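Letter by letter, the sequence shown follows residues 240 to 625 of the numbering used here.
Source of the hints: derived by calculation from the structure; they are not laboratory data.
Predicted model only: the values in this text are computed from it and were never measured.
Beta carbons: idealized from backbone N, C-alpha and C, even for Gly.
Errors might be hidden in some of the hints.
Said to hold, decoys possible - Using C-beta positions, here's what the derived DEER-type ranges look like:
no., residue 1, residue 2, range
1, A620, A333, 22 to 32 Å
2, G600, E272, 22 to 32 Å
3, L290, R436, 18 to 28 Å
4, S327, A603, 18 to 28 Å
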Amino acid sequence: MLWLTILNSFATGILWNGLGFITDSVYRFSETETYSLFIATGAAYTVTAFLAGSVLRRFAARLNARHAMQWIFVVQGGVAPLVYVGSSSTGLLAVALTTSMTGAALWPIVESYISAGRSAHEVRKTLGIWCIAWMASVTAVLLMMAPLQGGSGWLDPRLSVFCILPLSAVSLWIIRKVPDHPEHHHAEPETHDPRDRFLLASARALLPASYLLVGALSPLMPYLLARMDVSAHNQTPLTATWLGLRTMTAAALGVLAFWHGRWGTLLLGAALLAGGFALVVGVPSLIAIAVGLALFGIGHGIIYYTAIYYALRVGNAAVDAGGVHEALIGVGYVLGPLAGLAGHLLGGGGWTVLLLWFLLGVFAVPAALPWWRERRAKRRASVPGG
């Protein structure tokens, strides 16, 4: 499952973090066109992730989890060559939308396999290894795309999209060793702290908020760095800063245990994420952008890891638990580019930032409510007869 994660995270990295650089350098998309493409892929991802668990249950008699993944690899590998069909962007659009849907269907299944049948300690450790695997792969994508930036013919950024075909082919070979179904969690009531449900509710509100910022940042970075006179070959490595720090953060959370069950962990992640984003888009300096990306990556790593940990522990490693997790990510991937597009049409970056901060404020309410509810529940429990 880790090898499948590594291989298919390349496709995810291309889709969510490299797509803007491809549309800019190869097809000369405007900011409006790039934002619109990200909105469409985000919507496709969200809907598919929400439906993943119910579809598997409906066709359980004929389609087990392993067979579902086989079909996913066949479909995403089959559409990858379309990126080279014709000179228009139609092929890329088809690949982007299809890969959005296959990824949204794949990751809830993978997450169930990764965490099923494990204790709380084992889940934390295994998720740490799994997060390192996929986050490092996504980071590597942007680094490997750098030599392709500015290329022509087959050796242009579209080659990274075409590589989804051989990656899917290798995935089909590896998946032969995967069991037909994930295991179930061991029954360990003591590992389910009552606070975990409150923390899960808060993390699930912060998760789309975090991807709201990722969704706004990904299509914006090529244009932001171009205005700073950063060469095409250096744009993707610089952008990879936040992805690298996110990987290291997830690795640390997988080893350490002090963060578990603490509200301060979520608060720290949210503060670093918002502060890092403000530096990237608000201060016209390469140093500020680099520092902001680093803080952004650490904050995002905290929020992502805590959200997936609590989702799979409280959700008992079911595909539905991973499906909700991935669907919330998709919501952020829709709202972020949508805010970016609206801000761009209203007059530029200032409007974009204003709309994003407004949306973050909206998400802050459901993120804070679980903390308040837990405190109220504790006060009631401390009152005799309460």
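Could you work out which of the previously given hints the structure breaks and list their numbers from low to high?
The structure breaks hints 1, 4; every other hint is satisfied.
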